[in-house]
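Chains as they are written, first to last, in the working numbering: chain V, 9 to 291; chain A, 9 to 291; chain H, 9 to 291; chain C, 9 to 291.
Heads up, some of the hints might be wrong.
If chains are identical, the list can't say which one is meant, so a pair holds when it fits in one copy or spans any two.
Mimicking EDC-like on lysine to aspartate or glutamate, the simulated pairs with C-alpha atoms at most 20 Å apart in a straight line are [to be verified]:
{"#": "1", "residue 1": "Lys-161", "residue 2": "Asp-48"}
{"#": "2", "residue 1": "Lys-232", "residue 2": "Glu-177"}
{"#": "3", "residue 1": "Lys-232", "residue 2": "Glu-281"}
{"#": "4", "residue 1": "Lys-232", "residue 2": "Asp-57"}
{"#": "5", "residue 1": "Lys-232", "residue 2": "Asp-65"}
{"#": "6", "residue 1": "Lys-232", "residue 2": "Asp-77"}
The hints are simulated quantities; they were obtained by calculation from the structure and are not laboratory data. For clarity, every value in this text was computed on a predicted model and none was experimentally measured.
Each chain, written out:
There are 4 protein chains.
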Amino acid sequence: MIELGANRYGKGGIHIVRVDRTADPHIVRDVYVSVQLEGDFAAAHVAGDNALVVPTDTMKNTTFALAHDHLDGAIESYALALSGHFLQFPQVARATATVREVAWRPLQTSAGRSDHGMLRDTSMTRTTVVRSDRDGASVRSGIEDVALMKTTKSGFSGFPRDRFTTLPEVDDRMMVSSVSASWAYGTSSGDWDALHGRVWGTLVDVFHDHFSPSLQSSIWLMGKAILERVADVDEVTMAWPNLHHWIVDLSPFGMDNDRTIYHATSEPYGMIEATVRRSDVVG
Amino acid sequence: MIELGANRYGKGGIHIVRVDRTADPHIVRDVYVSVQLEGDFAAAHVAGDNALVVPTDTMKNTTFALAHDHLDGAIESYALALSGHFLQFPQVARATATVREVAWRPLQTSAGRSDHGMLRDTSMTRTTVVRSDRDGASVRSGIEDVALMKTTKSGFSGFPRDRFTTLPEVDDRMMVSSVSASWAYGTSSGDWDALHGRVWGTLVDVFHDHFSPSLQSSIWLMGKAILERVADVDEVTMAWPNLHHWIVDLSPFGMDNDRTIYHATSEPYGMIEATVRRSDVVG
Amino acid sequence: MIELGANRYGKGGIHIVRVDRTADPHIVRDVYVSVQLEGDFAAAHVAGDNALVVPTDTMKNTTFALAHDHLDGAIESYALALSGHFLQFPQVARATATVREVAWRPLQTSAGRSDHGMLRDTSMTRTTVVRSDRDGASVRSGIEDVALMKTTKSGFSGFPRDRFTTLPEVDDRMMVSSVSASWAYGTSSGDWDALHGRVWGTLVDVFHDHFSPSLQSSIWLMGKAILERVADVDEVTMAWPNLHHWIVDLSPFGMDNDRTIYHATSEPYGMIEATVRRSDVVG
Amino acid sequence: MIELGANRYGKGGIHIVRVDRTADPHIVRDVYVSVQLEGDFAAAHVAGDNALVVPTDTMKNTTFALAHDHLDGAIESYALALSGHFLQFPQVARATATVREVAWRPLQTSAGRSDHGMLRDTSMTRTTVVRSDRDGASVRSGIEDVALMKTTKSGFSGFPRDRFTTLPEVDDRMMVSSVSASWAYGTSSGDWDALHGRVWGTLVDVFHDHFSPSLQSSIWLMGKAILERVADVDEVTMAWPNLHHWIVDLSPFGMDNDRTIYHATSEPYGMIEATVRRSDVVG
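With the rest of the complex left out, here is chain V:
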């Protein structure tokens, strides 16, 4: 017997910019939105019956309309309103809203801060994924596209060696990553911007303030500190690619390279992923 398994559908890549010109400086919100629905959609698959299929075009229209009223605050608030909206359809069991935000900063001119001229800051993408069902909503927020580097206080040694091992041990290496992190909030309301700031601030503090024997250790230390300092966070998951920076051997040219010149590479890369969680929480 053949049957339909897990299925979902929705709209992605909706790029919305919301402008509030009543503030000084103007407030610009720049978000990419996607919506996914799960529920009673088997008939669409097995019988070609669209009677319950809310069109993805309708989802797109809805993201624009709700952005008007709900994107004046944090993306978490908007995503809560958006995912909650789709529960008005009885056939929808779960609605997921994913929002990625990039920041625009007022330009600094020689006459002061501009009220309407903006520079996009792509140093970090802020994310949230909100899932709403009949039992409530869960909020998972995070960061993407954040490149971090430790120029010292990082090494890698004490590892096992086998036939295929050629890596030397090092006690002072470059540690460079393009970080993705997300964390589950234990609440569906709160001062989202403040919470986000405390998580990021903790991550930065710990990233700076330790000797890293491995990315594994650093991820654990950062995740643990986030849970210790931000009570509303139940669980943190991080993916840290190890973007290798190799010391260039300049000795064939009669030059000494005392950890000054590195060849930065993007491939191959290491990838270290881990979750840190409260033990009384189902992660």
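Using the hints provided, position chains A, H and C relative to the given structure of chain V.
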């Protein structure tokens, strides 16, 4: 209490090309490989102890070495050898090898097929993910980066309308997608190339030979046919973005556009995902 | 004194798909179009006067409208019509239409060739740039995104060595490139598809049929042959990145690697560019 | 007769990171470098003779070696040293060094600025192209990947209308661009960082402080001001894509959208390019 949850690590982005010059034409295999390990790595995280941490650099060396002996056949065979290799480390509970392959075809010259000149065919990426643990290995293969189009025999109507619905019903639209599909084999040995060919052939046959009332329906029909025709496949999962092609309104210019000229867009896009499986199999 | 120098403006990224359902199989044309205008636009710059500025939105509408009537043939014909159209504006001195085309091929099903199901073939992008001014039109066509490989019959030796040279000489290496080539036609009418086919066929023939001592030499040989065999071509310009494939040293693992396993890299890359032309033509 | 025309070759995609750990905070320089040579290379093309071909691998080694000694200052200084180096080869008539730099900023921790923890700021790429020949060197610097927005003080009206024009006139629109600009310095020595800062500061000041009737006008005003305020700049060339932000019509949903919600698009896009120069300079 704070604890370590799920964790894994490995190497990605390893680009290997293997050449067999004894064949005519030469055989070129072009693969991107990644390896991920799960197991007893808590000490690395919580104690900064690397004694059990097989370096990702060693993983990279291993992928090259094993490609020499095992990439003469299908990527599934190579991935089986590669993931199985890492179980020799007692601390490894599960090793996952992911291989993506692009094809090189001998050039057609005016004097016939070249023996050593090749053209890369990027119309499809073939993938496999093999997971090996102490109980055996599972093989999941698939395709990516395949753009398919139905110029007719596709529509979308009969859907519900609400306050935010503006989409008209259509009985003849363009259906364009960039398909990702993967399927679980019920076996860990077999003629992988032949199996892959039968799955792809079935997908193509059904894609062509039906009127599509929705992507949901098409995915079901293709998945069902694959399971019916390929006994070694237990489950198929597909993700079909709906890459909208909108009819351009040429009437303001005094022209009629009878479904000839479309504005192709990449964002926003619909996204339809579903699994089709045998009901006696845990998917 | 400060003055306005060279300037132009236009619209880019216009993605048009044209479908002819009267043919069997259906004919799908998938093009990215841009248009650039040069002429009497100084007032827009220095006086903020838009009276002569044909809006780029109008250009976009025009590309759609003219695709209806002119994209039934080769992209060169369409680009000629499109760039010529804008000369109706007296302020336009030169109009440039750039068209990039990717191919869709009918699917092969078990019951034969599909009439309406298509697979996108991204192995090559075909391009044309047509410039029209009051003296006529020039047509420059080409190819992009074509990856070619010679698994043998390629080396690099006899080069000078200085303090910074570490590269060994090799008499049998992998030669891999992602080719961009364009050529100027000496005519503004012709059987564009046939001409394009003859240029590509010549390139392939020569690419296959020579030992390459360097990319420089190969480019010259291919360019020269194209000019010899296709009388309507006056000049060929090619850019061949050298995508290095390095032999992996497997000897630390007790293995011999007789030019079988290569580490393929995308950065850094060599880049060889040259023009080959008829000496009686101003290139 | 067939002959070799313009030709050049070199190495691209060399990613170098230089670290100075003697400063507090550490100084990180992150650059992508390419080198191109022109000169007496015809024999390599037409005779397959590599006797004068400095290998691109040697160029790569040279970029690393010279970065050790010359990348402690501005990228212009490094590019001058690098391109000048290759003139030691008699066969080299002109050497071009292109450097693109992204910035790393010290992390702000709760205990103050980190000395060794860095965040990559991708809001702007700084570029330079230095060409050295037997007559001296020319320096052209610039910026890339800078997204700027004016939320108001921008419109577009007074343009001509034809059969294909549907665009309405607007007196208050969003103006959003991802800017590329480069400028020619009239000197081959100077305080490059200060000069760069003055150009960017002028661009920002003018971008903020005017009503823009068109991108054409804005480019002129910014370019003119740069030449007026920075005597060492002879010419400025800018390319400003117009990244359209369309007001979403919410009226079908019974909502008013008073320039609050925009649909941001990346394709199609306008593209406005112009050079502003001193009239006594050959641009």
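Going through the hints against the structure:
no. : hint              : verdict
1   : Lys-161 x Asp-48  : neither (53 Å within a copy, 26 Å between copies)
2   : Lys-232 x Glu-177 : neither (27 Å within a copy, 53 Å between copies)
3   : Lys-232 x Glu-281 : within (14 Å within a copy, 35 Å between copies)
4   : Lys-232 x Asp-57  : between (49 Å within a copy, 17 Å between copies)
5   : Lys-232 x Asp-65  : neither (42 Å within a copy, 27 Å between copies)
6   : Lys-232 x Asp-77  : neither (37 Å within a copy, 42 Å between copies)
The structure fails hints 1, 2, 5, 6 (numbered hints given earlier, in ascending order).
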